[in-house]
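The chain contents come next:
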Amino acid sequence: MAHRISRHGDSRSFPDGDPFLETGGGDAAVVHVLIGSEAGAALDPSDPARVVLVELDHECLGAHTGEDAGREGGRVLGFARYRNGDDPPSNLIELVRQPETDPDAIDLARAVFEDAGFEVALCSDQAGRIIDRLVRPKYNSALRFLDEGLATAESMDLTCRLGLSYPDGPIERVERGGLARHHDVTRALFEIYGTPGFAPARRSVVAAMRRDREGA
Amino acid sequence: MSATKIQRVGVCGAGGTMGAGIAIVAARAGFETVAYDLSEDVLGQARAETTPFFDKSVARGKLAEADRDAAIARYSTTTDLAGLADCDLVIEAVFEDLGVKQALVADLEKVCAKDTIFASNTSTLSITEIASAAEHQDRVVGMHFCLPAQLMKLIEMSPGINTSDAVFRAAWEWTEAAGQTPVETQDKPGFILNAFVVPFNNDAIRAVEAGVAEPEEIDRALKSGLGYRMGPFELLDMIGLDTQVRLCEAFYPVTLDPRAAAPPLLRRMVAAGHLGRKTGRGFYRYEGGKMFGS
Chain A
1356 MAHRISRHGD SRSFPDGDPF LETGGGDAAV VHVLIGSEAG AALDPSDPAR VVLVELDHEC
1416 LGAHTGEDAG REGGRVLGFA RYRNGDDPPS NLIELVRQPE TDPDAIDLAR AVFEDAGFEV
1476 ALCSDQAGRI IDRLVRPKYN SALRFLDEGL ATAESMDLTC RLGLSYPDGP IERVERGGLA
1536 RHHDVTRALF EIYGTPGFAP ARRSVVAAMR RDREGA
Chain B
12 MSATKIQRVG VCGAGGTMGA GIAIVAARAG FETVAYDLSE DVLGQARAET TPFFDKSVAR
72 GKLAEADRDA AIARYSTTTD LAGLADCDLV IEAVFEDLGV KQALVADLEK VCAKDTIFAS
132 NTSTLSITEI ASAAEHQDRV VGMHFCLPAQ LMKLIEMSPG INTSDAVFRA AWEWTEAAGQ
192 TPVETQDKPG FILNAFVVPF NNDAIRAVEA GVAEPEEIDR ALKSGLGYRM GPFELLDMIG
252 LDTQVRLCEA FYPVTLDPRA AAPPLLRRMV AAGHLGRKTG RGFYRYEGGK MFGS
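Taken in order, these protein sequences are the chains called A and B.
Each residue of the first sequence is one higher than the one before, counting from 1356 in my numbering.
Each residue of the second sequence is one higher than the one before, counting from 12 in my numbering.
Source of the hints: derived by calculation from the structure; they are not laboratory data.
Any given hint could turn out to be false.
What the hints assert, rightly or not - Derived PhoX-like pairs: lysine-lysine, alpha-carbon spacing no greater than 25 Å straight-line:
id, chain 1, residue 1, chain 2, residue 2
1, B, 67, B, 234
2, B, 67, B, 164
3, A, 1493, B, 67
4, B, 16, A, 1493
5, B, 234, A, 1493
6, B, 199, B, 73
7, B, 234, B, 164
To be verified - Per label pair, the in silico range of CB-to-CB distance:
id, chain 1, residue 1, chain 2, residue 2, range
8, B, 81, A, 1442, 46 to 52 Å
9, B, 158, A, 1459, 25 to 31 Å
10, B, 188, A, 1466, 16 to 22 Å
11, B, 278, A, 1393, 44 to 50 Å
12, B, 190, A, 1365, 36 to 42 Å
C-beta atoms are modelled at their ideal positions from N, C-alpha and C, and glycine is treated no differently.
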């Protein structure tokens, strides 16, 4: 698969030294992968590549491509490599499509990442994609349970490790990923979905307040 | 009753999957174990599966032959509740219905000694409400094993409002003596495990309803991104979609948590008979035990 990578700011998906950065090359690329925090802003409608991939943070792909009453989509897809806070990035690429995205473009995009050894999960262009949409309410529950005294943090984490074979528990994971970051993510999701499960948990609000105060 | 005095353990509902596993745990750990159920047939089936389980443990080097023989010798069955009269600890794993469990506790009080501890393996019901049927509520405690009980170490231990500290401590120490790992939770719906899993699985179903992704994409994402052994749809198909509905119906009226309400897609699939592995079709299709795409 002929692809090339262009970098536009720091990338959460592919930090410096990531082997993926060494792949691709050549002007005749079929797929153009834009990475970095400014990847969306660098999107060029006249890009000659057949498929263009844009690294996303929490925003929807539509923020960069525009939307058209459910008819949006073409040769541009979004992607993000899942990463819990500052943990090393996982092997998962969430690949974001729009309603009318070209199926051939999806296949080509998937192939770029799978050829590089990643697992790819295809999802629609919705806030939180798959992972954050599903785990953030769970982390909120865990933080609320902690406040309510259901069990200690250690008991909750141990229960999830032993009872569900999770590699880590919800409290240790959300704390490792950063409570303030959890607040930012859930606040953004709550703004869009408005459902109680996404409302930032008290402990994350406290963490965000302290971060903001210390940063002021 | 202290844990060191617990020598004889009764298991009610021992003909069922969970009860049979609990009986194995008790017998394997060195306790005289009386497996109780209503029918000789189901007890016979449970016993027929217990001996091969111990045999496999021997074959895998996890149990000495002499220990297997001793465990089997410690295991007896009865269909007469009076057969539990001499038990120091009775663990119930009967049908998940408050009335059924309350009636059982009340009946056990009539045949067991005054210091016998009654433990409930309920996963959704209140320990305090179960205990309310007992004259001596202080001796009823929550002891929730995970499936399959004979393999999973975790036990969620919950005191009811009237459970005495001594009973809770004795029950806790017994679980440790049985080689299990107890964690303490409050007496709240779903304790820890199901309080996380039931809403989480519903969220995953709602993500499919909302067109976020197909079930296999979601399962792949969670396994790859988070290191989960199973994705939510693989898990739902394994436990049964009808079971998930029952769990929702137990949780939602108590918690009023919207995430605990059964999603419409789940109800439609149950209505269509797509219950998961047991019917050959749930979020995935199964043929001869093998899984195919959704």
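Evaluated hints:
no.: 1; hint: B:67 <-> B:234; in the structure: 29 Å, violated
no.: 2; hint: B:67 <-> B:164; in the structure: 18 Å, holds
no.: 3; hint: A:1493 <-> B:67; in the structure: 37 Å, violated
no.: 4; hint: B:16 <-> A:1493; in the structure: 41 Å, violated
no.: 5; hint: B:234 <-> A:1493; in the structure: 16 Å, holds
no.: 6; hint: B:199 <-> B:73; in the structure: 36 Å, violated
no.: 7; hint: B:234 <-> B:164; in the structure: 22 Å, holds
no.: 8; hint: B:81 <-> A:1442: 46 to 52 Å; in the structure: 47 Å, holds
no.: 9; hint: B:158 <-> A:1459: 25 to 31 Å; in the structure: 45 Å, violated
no.: 10; hint: B:188 <-> A:1466: 16 to 22 Å; in the structure: 56 Å, violated
no.: 11; hint: B:278 <-> A:1393: 44 to 50 Å; in the structure: 45 Å, holds
no.: 12; hint: B:190 <-> A:1365: 36 to 42 Å; in the structure: 49 Å, violated
Against the hints set out earlier in the document, violations occur for numbers 1, 3, 4, 6, 9, 10 and 12.
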